[in-house]
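Work out the full structure, taking the sequences as your base and the hints as a guide.
Taken in sequence, the protein lines are chains A and B.
Note that the first sequence covers residues 1 to 959 in our numbering.
Note that the second sequence covers residues 1001 to 1121 in our numbering.
Keep in mind that the hints were calculated from the coordinates and are not lab data.
Ideal Cβ positions, reconstructed from N, Cα and C, are used throughout, including at glycine.
One thing to keep in mind: the hints can contain errors.
Facing chain B, according to a computed beta carbon distance under 8 Å, are these residues of chain A, among others [claimed, not checked]:
1. 601
2. 605
3. 606
4. 613
Far from chain A by the CB rule (all over 12 Å, computed), these chain B residues [what the hints assert, rightly or not]:
5. 1020
6. 1027
7. 1028
8. 1030
9. 1047
10. 1069
11. 1071
12. 1075
13. 1101
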Amino acid sequence: MNRRWKSSLSRQFVWFMSGFLLLILIAAVGLGLYSQSIEDKYEKKVVDLRKKQQYAVELEDSLNDMFFEARGYLGFRLEEPFLSNYEAKKNSIVDKINQLEPELESTEEREYLTYLQDKLINYYKLFENAKGQVANDNTAGLQILSQNQGGSNLVYNLRDQTRNLVSDVENEIYATEQNLIDRLANLQILFVFFVVFLLLIATILAGIMARRIGKPLQELALASSQMSSGENVAVPHVKRSDELGELARSFNLMITNIQQNEKALITSNETLLEQSKELQSSKDTLEENVKVMNVQKQVLEHRNELNRSLASTLNKNELLQSIITNMIHILSSDKGIIVMLNQGKDYASLGISQEKVHEWIDHLTDGPGVKAIQQMQYHIVQRSASVGEAGYHGDKVLSNDLYIPVVSNNKVVALLCITRTGVEYMPEEVSEINGLSRQISLALDKILLYETTENERQVNREILNTIREGIQLVDREGTTRAVNDQMCTMLDACFPDGVNEKTFVEWSSKFLVQVALDDRNAVKSYVHDVIAGVKPKQSELIYQTNTEPALFIQMYYEHLYNGDKFIGSIFVHRDITREHEVDEMKNEFVSTVSHELRTPLSSVLGFTELMLSKELKPEKQKKYLSTIYKEAKRLTSLINDFLDIQRMEAGKQNYDKERINLKEVIEEVIDSYRVHSQFHSFIVEDTTNEHEIIGDADKIKQVMNNFISNAVKYSPKGGKIVTRFRGEEGQLYVDIKDEGLGIPHDALSKLFTKFYRVDNSDRRQIGGTGLGLAISKEILLAHDGDVEVTSELGKGSTFTLVFPLIREKLPLEPKSGELEEGVLIVEDDDSLALLLMEEITESGFTAHHCRSGEAAIKLLEKMTPKGIVLDIMLDGRMSGWDVLKAVKESERTKGIPIFVSTVSEEKQRGFELGANDYLIKPYPPQNLTKSLIKSIVNKKNNGKILVPDYSLTEKGLSD
Amino acid sequence: MGLKLLVAEDEEILRMLIVDTLEDDDYEIDEAEDGAEAYELISNNDYDLVLLDYMMPEMTGLEVIKKVRSEGNMDVKIMMLTAKAQKKDEEIARSTGANYFISKPFSPVVLASMVGDILGE
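As structure tokens, this is what we get:
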């Protein structure tokens, strides 16, 4: 039993706890029973006392009643009901006494009861006596009885006695309750003591448990921490048989195991150390080997790299650099150079200064390399190392220069020179290099070939790109091989990735969507035929593009053959939009002209035929004849207008320009109308006094005729026709205002186009070719002028003509004396020469004129003009170009500014040959003056204001 | 009862020429100065023949024909008179609905006999 107890801590704990609980239970039951018994006793006693009290009270009541009845009888002397009631009460008292008697415990009470009973008996006797008195009706006797015999006293006495009894009982009840309260208080004190006792027990138990479990655990923890810090301690509590003992034992076992393992580890560690030492030494050996290997590997890598670049590099400089760099590494050398023996002496070097390189290349033919080149054999030169090569070595060091020729087709194409300081080149090294040099020669050949073809390709490409046609080369499968730039810009047929070598499907789908829908199928089958090597139905095709604006493109092809073998095709796309437009316009013009001519022709022919075929009255004949005449005249003017327009559009209209007074010319025209038209009043207003322009008077008359006749024609009801002159900013404006029909707003913009006539019934009667305004505008433009129109329908129109005025004075004019030699005009057209002379003399220059190049050269021997105005197409054998060249070649004349004045549009050539300005005819003469001033005067006289020298002018003109 | 004709021509002189050419025959001739007027007259009258110029203001002769024919008037005979003398123009006029075609300049004698033939049928 004792062993079981000791072997388990938990069991001990259970026992302790059970004992403790039992104690609590027993004490609680004891206390409960005790308090129960107190209460029982109290209740029993109270019940008894209450009964006694009740009886006593009832007895008292009965006594009182009886006395009441007795007195009633004695007072009223009525037997009934008093007497009988008295009797009944008397009996009731007996009953009450009998009931009360067993309840009385104390002697005192019993004595009291006995006393009561005695007194009652006395009272009864007395009452009998009194009853007798009543019967006798002896009132005095009654009084005597009452007073002497103590009747009343007796009664009172009895009553008091009973009352005492009752109050005694009440007292007793009160005492009992007090007793109960006291006991309960005691019980509570007892309970408090009991709880204190329990706490005491619990504390003691906890202390015991702590001592039995906590302390040993603490000791174990201490032991383990000491153990882990390396102290050698015995584990406590090993011998205990409970759980702690168990714990301590396994703990002990663990420690023992750890100590054993540690020993084993130390042993094996020592073995490992031994082995690692061995390994270290073998590793060192290996590293030595690896170093050697690495050197070899690097050489191999350089060889590979060299081979790679020899095989794949197409850039010459890159290749040379790669050759020299890798060769130096392969031969474990310090520096070197490779130079190609071509014209450019392309080279690459490593470790050599630029200066040295050039020096070396310059001495290729007389330096130590000559031997290698001549013998086509490698060659080694040994020499003492330069300071730079030897470095910090104090001793004498030798450097070895290895010269290796690169031979191709029995010719040395390049020379390699590689230098190694300190170590000589071994024969096996050098023989290896010989093999490499052959590879290098092949690579150099290849690269030269590549460069040649690349250059040719570039040239071809540039040629293709300068051609205005779009060109596309496709192979037999239809894959694009090349396109030129024009193809991309004109047709957007190129691809955004820049790669245009696309399959047929790729490029044709991109191309065909650009072709207008109507032409697409034709183009498609054309392309298919050509690519297949078949001749399409048409040799060329014109198609329209989908672009805005649409282009018209002519497409043709060429099949390519290599011998007899069909290898592909070339497509050419030519933009003929311009030609097409011109064509359209021409067709339109022809058709309109034919229509316009047919109408008057119909009248002429028709009426003539009528006159021939019919018998007509004379007045009708006259009418017909006048109609024929009018229509024939109309026909003539139409034809003249056509010819005018035709000439102007071809630029072949000749203008006989001179200095004219515009006002005089115009007034002449107006005067001629004054005579014919009675319904219109012609008014001329003038707000300027400058009217001089350079112009062709006849042509200007034609223009004015047109405007005035229009003004007359389109104001059929008459009215004023006002012509107003006004000057503004070097321009002369002429307004021609009528009060006629006016022009609809939407017609204004089309007014000056050919054959345009405003259609409405008011105008039907008014004839015209529809060309007058177009011709007028052309003439005005040829005079550097213009025409504008404003109009209000129903109120009239105003045409405004603009002409440039002749500038009377220049803002900058050269000083006399400086221009003695003046300007030489070389021009075979006399009238133009005159116009130019007039223009430049007016600006203050002196002018000389000659008609041929030969004459000009002759003149230049005698004079040095300030400038030369030079025509290109000249009389005689010399052209203007020849004169220009001759002037620029001579030291004396080459500083003279030259102003080319020609119809030829070779501006570029002119400037290249040294011309200062290039004026394309026809040009406004003042442009020449401007240019002269810019080139001649401004250079010499900045900001000087000068007066023109008219004496010189005249001299120039008379020349 | 004379036959009824319409001459639509904007050039007054030519109109006079046509009318004078046809005046000896007993025709009742209306004149129109432009396309719109011609269309109006055709719509409101029963002409035995309309001589229609091609190039007219307001409406061209071709537009007049197109409108007349599109409104279901297929009976009225129309002769197209035009300075557009190409074969192509004739084809266009005929396909639009012109019955006859004569190009300018025309011979009045030929015109008179053509009109006589057409109306004599």
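Hint by hint, here is what the structure shows:
no., hint, in the structure
1, 601, "holds, 5 Å"
2, 605, "holds, 4 Å"
3, 606, "holds, 4 Å"
4, 613, "holds, 5 Å"
5, 1020, "violated, 6 Å"
6, 1027, "holds, 16 Å"
7, 1028, "holds, 20 Å"
8, 1030, "holds, 17 Å"
9, 1047, "holds, 22 Å"
10, 1069, "holds, 24 Å"
11, 1071, "holds, 24 Å"
12, 1075, "holds, 29 Å"
13, 1101, "holds, 14 Å"
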